[in-house]
Amino acid sequence: MLVVLLSSVPTVGAAPSPAQVTAVQQKIATAFVAVQQAESRGGNVAGLTASLNQAVQLLQQAEQTSSPSQAATFLAQASSIAGNVTAEAPAVGAQGAAAVQNGLIITGVEVAAIAAACVLVYLYLPRLFWRLWERTHSDWEAKSK
Amino acid sequence: VIDDDLRGVAIVLILLFAVMAIGIPYYSSRTVEPFSELGILGPNKQIADYPTSVATGENFTLYLYVGNHQGQAEYYQVYAKLGTQASVVSDNVSLAVAPLKTYGMVLLNNQTYLQPISLHLNQPGQNVRLVFELWIYQANSSSFVYDHRFNQIFLNVSSI
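Just so you know, the sequences run in chain order A and B.
Each residue of the first sequence is one higher than the one before, counting from 1 in my numbering.
Each residue of the second sequence is one higher than the one before, counting from 146 in my numbering.
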């Protein structure tokens, strides 16, 4: 049995309708899924998540305020931000995919360069080593006992 | 003989370097064991000084901490619920009452959230259980699911 209540729960009649709140919640959830998809493609979603957090905050403010007009304003703003995030996410994902592809190309070039270095070292390092050894030991004299 | 030894050592060193150059950045960016964090801190942002007795209508402040280490961005909701000593809540079972207050946040991987939350209670009671549960949004079910994390504090709420 519950013995206490948080007084911050909005009173009946002052809060936005559940349908309105649910619609915005779903819009934010849709935006979040779009953000996750953009991130999975390699996109930098820091800006999108910051915007999404704004929408989440506005939704909470709409649920807590006792003013119906303020609640409607907050919900409209949250809905607008979530819509923008959903719209921008594919572009961020595409940028990420392009960056990932460039990264793969760079990695391929790095691997090829390292392989080439391996071959060069294998072929020329011993010769170089002995040449240097000869230079540094050119003053050595052979003695016989 | 020395030439062959030298070649062998050089090749091994270069191959080792190549493997590290490619492998370390790849593996360091992977999340081996994904998890989330939930914490309720006292008014001084510490795991201490939690209120134990409050009067009805008296504001008290706690800090809500959430950490995302899931390897990707996550959408969390923390539900504040009220129960009694007899209420059932565990890592597997959430408290079966409607949330009285909800805190939402979207966090990037390895991002944390720390915000003050101000509460006050209207009804008096002994050993009131204030439970905070962490829920996470799952795209495949299009809903929030209990993330097996909860914190709780017990309060005596006295009437003024």
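These aren't lab readings, by the way, just hints derived from the structure by calculation.
Don't take every hint at face value.
Stated by the list, open to error - Chain B residues, not near chain A, derived (Cβ > 10 Å throughout):
#1 I156
#2 I167
#3 Y172
#4 R175
#5 T176
#6 S181
#7 Q191
#8 T197
#9 L209
#10 G212
#11 V233
#12 M250
#13 Y282
#14 V290
#15 R294
As the list claims (entries may be wrong) - Which bits of chain B does chain A cover? Going by a derived footprint, with three or more residues having C-beta under 8 Å, they are:
#16 214-221
#17 239-249
All C-beta atoms, glycine included, are put in the ideal place defined by N, C-alpha and C.
Checked hints:
1. I156: Its Cβ does come within 10 Å of chain A, the nearest being 6 Å, so this is violated.
2. I167: violated (7 Å)
3. Y172: holds (14 Å)
4. R175: holds (14 Å)
5. T176: holds (13 Å)
6. S181: holds (15 Å)
7. Q191: holds (24 Å)
8. T197: The claim stands: T197/B keeps its Cβ more than 10 Å from every Cβ of chain A (closest is about 14 Å).
9. L209: holds (13 Å)
10. G212: G212/B is indeed farther than 10 Å from all Cβ atoms of chain A, at 15 Å.
11. V233: holds (13 Å)
12. M250: violated (6 Å)
13. Y282: violated (6 Å)
14. V290: holds (13 Å)
15. R294: holds (19 Å)
16. 214-221: holds (count 3)
17. 239-249: holds (count 6)
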